[in-house]
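For the sequence shown, our numbering gives the first residue as 1301, with consecutive numbering after it.
It should be emphasised that the hints constitute simulated quantities derived from the structure, not laboratory data.
Because the structure is a prediction, the values reported are computed rather than measured.
Positions of the beta carbon are idealized from the N, C-alpha and C atoms, including for glycine.
A portion of the hints provided could be inaccurate.
Said to hold, decoys possible - Distance windows between CB atoms, simulated:
(1) 1389 to 1350: 19 to 27 Å
(2) 1422 to 1363: 14 to 22 Å
(3) 1426 to 1352: 30 to 38 Å
(4) 1352 to 1423: 38 to 46 Å
(5) 1362 to 1415: 16 to 24 Å
(6) 1405 to 1378: 15 to 23 Å
(7) 1362 to 1420: 12 to 20 Å
(8) 1406 to 1365: 14 to 22 Å
(9) 1423 to 1365: 30 to 38 Å
(10) 1353 to 1423: 13 to 21 Å
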Amino acid sequence: TVYYVRQASAPTAILSRRLTNCSPVRLAIMFERLTPEARRALFAARWVAEASGNVVAFMALEGNFIDQLFVAPQWQGKALGARLMALAKLRHPHGLALHCAQQNWPAIAFYRRQGFIVVGYHRNPEHGIGITDLRWSNR
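Work out the full structure: start from the sequences and follow the hints.
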């Protein structure tokens, strides 16, 4: 099941932002500990995919920018990321943008399969990590 969750309160948004800095493994462990209600509140204003009451993937859009896309490791390769990406493209048919860590080759390959092209590179000033800038256009 994929659904859209409405805007959350400021504290929930702050908690959600903190979780985005966690590794995917740590996120998966944290998902397992949350109640379904806490999961829904945590990922407010995001597209969420659930299986058997568990959050298995989510995507956050800030305008036409994909701020977050996460699929739990055991659910990767099952078209959840592609389904979430299709929703983003429907909402923003004139184009999307995102940033991805340069060392995250599997994610970059996924985005390229989804029609994104690399348009640049930069360093994250906070962490010094190399970032790949990607864009998708429906033209």
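Right, here's what the structure says about each hint:
At about 21 Å, the beta-carbon gap between residue 1389 and residue 1350 stays in the expected band of 19 to 27 Å. The hint said 14 to 22 Å for the Cβ distance between residue 1422 and residue 1363, and at roughly 19 Å that hint holds. Between residue 1426 and residue 1352 the CB atoms are about 36 Å apart, so this pair conforms to the stated range of 30 to 38 Å. Between residue 1352 and residue 1423, the C-beta spacing of about 40 Å keeps the proposed range 38 to 46 Å intact.
For residue 1362 paired with residue 1415, a C-beta distance near 20 Å keeps the hint of 16 to 24 Å intact. At roughly 20 Å, the beta-carbon separation of residue 1405 and residue 1378 lies within the given 15 to 23 Å, and the hint holds. In this structure the supplied range 12 to 20 Å holds for residue 1362 paired with residue 1420, their Cβ-Cβ distance being about 19 Å. For residue 1406 paired with residue 1365, a C-beta distance near 21 Å keeps the hint of 14 to 22 Å intact.
Take residue 1423 and residue 1365: their Cβ atoms lie about 19 Å apart, and the range 30 to 38 Å is violated. For residue 1353 paired with residue 1423, a C-beta distance near 40 Å fails the hint of 13 to 21 Å.
The structure does not agree with the numbered hints 9, 10 stated previously, though it agrees with the rest.
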